[in-house]
Amino acid sequence: GENVEQHPSTLSVQEGDSAVIKCTYSDSASNYFPWYKQELGKRPQLIIDIRSNVGEKKDQRIAVTLNKTAKHFSLHITETQPEDSAVYFCAASLPLKAAGNKLTFGGGTRVLVKP
Amino acid sequence: KAGVTQTPRYLIKTRGQQVTLSCSPISGHRSVSWYQQTPGQGLQFLFEYFSETQRNKGNFPGRFSGRQFSNSRSEMNVSTLELGDSALYLCASSLNQVTDTQYFGPGTRLTVL
Chain V
4 GENVEQHPST LSVQEGDSAV IKCTYSDSAS NYFPWYKQEL GKRPQLIIDI RSNVGEKKDQ
64 RIAVTLNKTA KHFSLHITET QPEDSAVYFC AASLPLKAAG NKLTFGGGTR VLVKP
Chain H
169 KAGVTQTPRY LIKTRGQQVT LSCSPISGHR SVSWYQQTPG QGLQFLFEYF SETQRNKGNF
229 PGRFSGRQFS NSRSEMNVST LELGDSALYL CASSLNQVTD TQYFGPGTRL TVL
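For the protein sequence lines, the chains are V and H, in the order given.
Just add 3 to wherever you are in the first sequence, counting from 1, and you've got our numbering.
Just add 168 to wherever you are in the second sequence, counting from 1, and you've got our numbering.
Since the hints were derived computationally from the structure, they do not count as laboratory data.
Hints are not guaranteed to be accurate.
Partial list, computed: chain H residues near chain V (C-beta under 8 Å) [what the hints assert, rightly or not]:
{"#": "1", "residue": "Leu211"}
{"#": "2", "residue": "Glu216"}
{"#": "3", "residue": "Gln265"}
Heads up, simulated DSBU-like pairs for lysine-lysine below, C-alpha to C-alpha not over 35 Å straight-line [what the hints assert, rightly or not]:
{"#": "4", "chain 1": "H", "residue 1": "Lys225", "chain 2": "V", "residue 2": "Lys40"}
{"#": "5", "chain 1": "V", "residue 1": "Lys100", "chain 2": "H", "residue 2": "Lys225"}
{"#": "6", "chain 1": "H", "residue 1": "Lys181", "chain 2": "V", "residue 2": "Lys25"}
{"#": "7", "chain 1": "H", "residue 1": "Lys225", "chain 2": "V", "residue 2": "Lys25"}
{"#": "8", "chain 1": "H", "residue 1": "Lys169", "chain 2": "V", "residue 2": "Lys60"}
{"#": "9", "chain 1": "V", "residue 1": "Lys61", "chain 2": "H", "residue 2": "Lys181"}
Backbone N, C-alpha and C define an ideal beta-carbon position, used for all residues, glycine too.
Okay, chain V solo, but in the shape it has when bound:
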């Protein structure tokens, strides 16, 4: 089945700097790649997602890039702020008709933005 690896496991940045989190997936048929942010004690919330027919997507300070050939995708946060401190999870899913049509999550990255 699908396997998703996420790096780094922890990331400390100064406020205003950029943060980059990288994920690799194993099944080239995966076609959906969401990113979730989970603050302490709260539920995961979708922050951005990308589908396999798109190479890059941006939403204000957040962007995601997808390299299907290398089977990796990355989350970029620019101009980080203290409220960006959280655990970020990447995930991948196979298409609906595939047996692996489920979200497989990476291990998470704990991001700390220092003021």
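Could you slot chain H onto chain V? The hints should help.
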């Protein structure tokens, strides 16, 4: 629209007991997925239901089961609880499939003593 709700929010059980957790999806959402979150294993997929049918299942023992009702509400059951079942159980709902945006509930924190 109201968000995804889960009950109960906290549960304490002892080994060998069984437990039932409930999830009410966002109105109009027909797909409900369940996840187990632990510090060591992260977020792991349990199963997904759509139109009262289990459409996909993760790698968990048969002690973990679920069902979905005609109103899309879902329950999961864990029988013969083990210490290792202590976790945050999250459900997520989406319109029709897992690759539609999934909205998570607040979770049920299960502690097995």
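Holds or violated: glutamate 216 of chain H as interface residue toward chain V, Cβ cutoff 8 Å? holds, 6 Å
Restraint status (C-alpha distance of lysine 225 of chain H to lysine 40 of chain V at most 35 Å): Between lysine 225 of chain H and lysine 40 of chain V the Cα gap is close to 24 Å, so the pair holds against 35 Å.
Within a Cα-Cα threshold of 35 Å, do lysine 225 of chain H and lysine 25 of chain V meet the stated pairing? Status holds; Cα separation ~27 Å.
Can you verify the interface hint for glutamine 265 of chain H: is its Cβ closer than 8 Å to any Cβ in chain V? holds, 5 Å
Are lysine 100 of chain V and lysine 225 of chain H close enough, with their CA atoms no more than 35 Å apart? Holds: lysine 100 of chain V and lysine 225 of chain H sit about 14 Å apart, inside 35 Å.
Hinted pair, alpha-carbon criterion (35 Å max): lysine 169 of chain H, lysine 60 of chain V. Please report holds or violated. holds, 27 Å
Sort out whether lysine 181 of chain H lies within 35 Å of lysine 61 of chain V, counting only the CA atoms. violated, 45 Å
Evaluation of the interface hint that places leucine 211 of chain H against chain V, nearest CB under 8 Å: holds, 4 Å
Is the hinted pair lysine 181 of chain H and lysine 25 of chain V satisfied, with a Cα-Cα distance of at most 35 Å? violated, 38 Å
Of the hints listed earlier, those the structure fails to meet are numbers 6 and 9, in rising order.
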